[in-house]
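Novice: Turn these sequences into a full structure, and let the hints steer you where they fit.
Take a look at the letters that make up each chain.
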Amino acid sequence: MSDARPIPFRPATEETPATRLALIGLAIGGLGLLVFGPLLIVFAEALAQGWRAAFAALSNPDAASAIRLTLLIAVIAVPLNAAFGIAAAWFITKFDFRGKAFLITLIDLPFSVSPVVAGLCIILMFGSNSLLGGWLVASGYPIVFALPGIVLATMFVTFPFVARELIPVMIEQGRAEEEAALTLGASGWRVFATVTLPNIRWALLYGVLLSNARAMGEFGAVAVVSGKIRGQTATMPITIEMLYNEYLSVAAFSLAAVLTLLALLTLFLKTALELRHADQLAAARRH
Amino acid sequence: MHIEIDEISKQFGVTAALHPVSLAIPSGALVALLGPSGSGKTTLLRILGGLEFPTSGRVLFDGKDATALTVQERRAGFVFQSYALFRHMTVFDNIAYGLTARPRASRPPRAEIARRVTNLLELIQLPTIGPRFPSQLSGGQRQRVALARALAIEPRMLLLDEPFGALDAKVRKELRQGLREIHDETGLTTIFVTHDQEEAMELADLVVVMSMGRIEQIGKPADIRARPASAFVRDFISA
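Note that the protein sequences, when read in sequence, are chains A and B.
Just so you know, we're using the working numbering here: the first sequence kicks off at -4 and counts up by one.
Just so you know, we're using the working numbering here: the second sequence kicks off at 224 and counts up by one.
Since the hints were derived computationally from the structure, they do not count as laboratory data.
Just so we're clear, the structure is a prediction, and the values are computed from it rather than from any experiment.
Using N, Cα and C, we set each Cβ at its ideal position, and we do this for glycine too.
Keep in mind that a hint or two might mislead.
[To be verified] Selected chain A positions facing chain B (in silico; Cβ < 8 Å):
#  : residue
1  : Ala171
2  : Glu172
3  : Glu174
4  : Ala175
5  : Ala176
6  : Leu177
7  : Thr178
8  : Leu179
9  : Gly180
10 : Ala181
11 : Ser182
12 : Arg185
13 : Val190
14 : Pro193
15 : Asn194
Specialist: Structure (C-alpha cells):
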C-alpha cells in the first residue's frame, strides 16, 4: 500500500489557501473601493474645515428645512408603503385569482421605470396643466411642487420593497397556519394580527428598512416633482446637489454625512434587532 | 354529532373535484375517507370544515342545514396534514389559541385556560412540553399537539387530513392507537382522510372509498374486504 495517495484533509467545498486569499482580497478590495472609500471621503470632506464649519452649514435654515422635509417624507411614505405592501403580498399569496402574474409584474414596475419618468408622469397627472391638477390647484391643494407630490413620487419609487420582501416568505409559509387559526374560531383580523404578522415580521422589517433608506435617498423622481424650492420642497439629496453645484463643498458634504449617518443608523438598528432576537430567527428558520 | 352530506359537488374552474356525493355519518362514528390522491377526499373534508364551499349540495349537522355556516361557526377540530402549528408560539399558546381567540364574553378566565391546556397535554401524554416551540418537537409530538389544539375548542366533530402521513411506521402505529383512544374517550364524530388502506381498515368503524371525485363504496372494513363493490375497490384494498 505504499503507493496509496495521501488523504487530502480538505472538505470538498473548500478551496486551496491561495484561491481563498485571492478571493478574500478581491472582495475586500472591491468593498474598499466602492463602499468604504467613498464613505470615508464624505466624512473627511464634511470635516475639512473642522466641526464648527460643518455644524454651521447644518444649522443654515435651508439645510435644516431639508433635513426636516426628508424625515417628514420618510415618516409619511414608509408606513403607507408598509401597509400597501402587506396588503398586496397578502392578496397575492393567500388568494387565487386571475391576473395574479400581471399584478406581480405591476408591483415590480417601479424597479424598471426610471424615477425621472415616474416624476414626469406625476406632473402630467397632477400638474396645473392637467384637468385634475388644475382643479386641485384651484381648490388650494397643489400636488406638484409641494409635499404631496414629493410623497407620491417617493412612494412610487419605494413601493416594491416591502411587497418584494414579503411575497417569497408568505408563499413559502403557505396558508395552513391561517386556516388552522380560522378553524379554531379566530376572526380574519385576529388571524392576521396573531398568526400572519408575527410570521412575516422579519421580512417586513427588512422591507421597511430598505424602503426607508430609499425614501430618504431618492433623487430623480423627487427632483422632477419638487421644483427644488429652497427651504420648501428641497429634500436632503436635492439640497446636497444644489450646494455641490454652487461649490459649497463643506455644506454639501456635511448634509451628505447626515444622510449617510441616517442610513447607518437604520443598518445599526437592523443588526441590533437581529442580535437580540437571534434565537427566534433561528427557530423560525428551522421549523 | 350526526353529519349528512347531501349531493355535494365541487368544481375548481373546469375540473370537477367532486361529483355529487352523498353520505350519512352517524354520531360518534370514526370514519375513514380512503382513496388515492386526486380522489376528492381532502376536498370533502375541507367542505365539512368550512375551509371550502361546495358548488352545489348541502351539509347537515344534526339535521340542520350547515352549508352556509362559516369556518368559525362550524366548530370543527381540524388537524392539518403538516399540522400547521403556529411556529412563533409555544406549545402551550398553540393549544390555548382557540380559547383565547374567543370573544371576551365567552372567553374562559386565564386560570381556566391554563387548566384545560394542562389537561390536554396530559391527554396526549406530553405533560411537560408546554414551554417548547414547535420546531423543538419531533413529528409525532407535533401531530399530538395539533390534535390537542383541535380538541381545546370543544369541537363538535374532529376532522383530520392525512394525520399520520408524515410519520415513520412505528410512530404511526402508536398514534393510530392514540387517536382511537381519544375518539372513544371523547365520543366525537371523527373523520380522517388517508390513502393508506391498511390504516383505514384497522382504525375506522366506517370506510368510505373514493375515486376521481366519486364515492365507490361505503361500509364496515370487514364488509368492504369481503364484498368490494367495484373492480377499483378490489384493486385498491388489495394493494
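Novice: Does each hint hold? Answer for all of them.
Specialist: Consistency of the hints with the structure:
Below 8 Å, beta-carbon pairs count as interface contacts, and Ala171 (chain A) has one with chain B at about 4 Å; its hint therefore holds. The closest approach between the C-beta of Glu172 (chain A) and any C-beta of chain B is roughly 5 Å, which is under the 8 Å cut-off, so the hint is satisfied. A distance limit of 8 Å between C-beta atoms decides the matter here; for Glu174 (chain A) the minimum to chain B is near 6 Å, and the interface restraint holds. Hint on Ala175 (chain A) holds. Least Cβ distance to chain B is approximately 4 Å, under the 8 Å limit.
For the restraint placing Ala176 (chain A) at the interface with chain B, the shortest Cβ-Cβ distance is roughly 7 Å, inside the 8 Å limit, so the hint holds. A least Cβ separation of about 5 Å between Leu177 (chain A) and chain B falls short of the 8 Å threshold, and the interface hint therefore holds. Satisfaction of the interface hint for Thr178 (chain A) is found here, the shortest Cβ-Cβ separation to chain B being roughly 4 Å, below the 8 Å cut-off. With its C-beta approaching chain B no nearer than about 4 Å, Leu179 (chain A) sits inside the 8 Å limit, and its interface hint holds.
For Gly180 (chain A), the suggested interface contact is upheld, since its CB lies about 5 Å from the closest CB of chain B, less than 8 Å. Against a cut-off of 8 Å between C-beta atoms, the interface hint on Ala181 (chain A) holds, since the closest Cβ of chain B lies about 4 Å away. The interface hint given for Ser182 (chain A) is met, as the beta carbon of that residue sits about 7 Å from the closest beta carbon of chain B, less than 8 Å. The beta carbon of Arg185 (chain A) is positioned within 8 Å of a beta carbon in chain B (closest approach about 6 Å), and the interface hint is therefore held.
The closest approach between the C-beta of Val190 (chain A) and any C-beta of chain B is roughly 6 Å, which is under the 8 Å cut-off, so the hint is satisfied. Residue-level restraint check for Pro193 (chain A) holds (minimum Cβ-Cβ distance to chain B is 5 Å; threshold 8 Å). Using the Cβ-Cβ criterion of 8 Å, the hint placing Asn194 (chain A) at the interface with chain B is satisfied: the shortest such distance is roughly 6 Å.
Against the hints set out earlier in the document, no violation occurs for any number.
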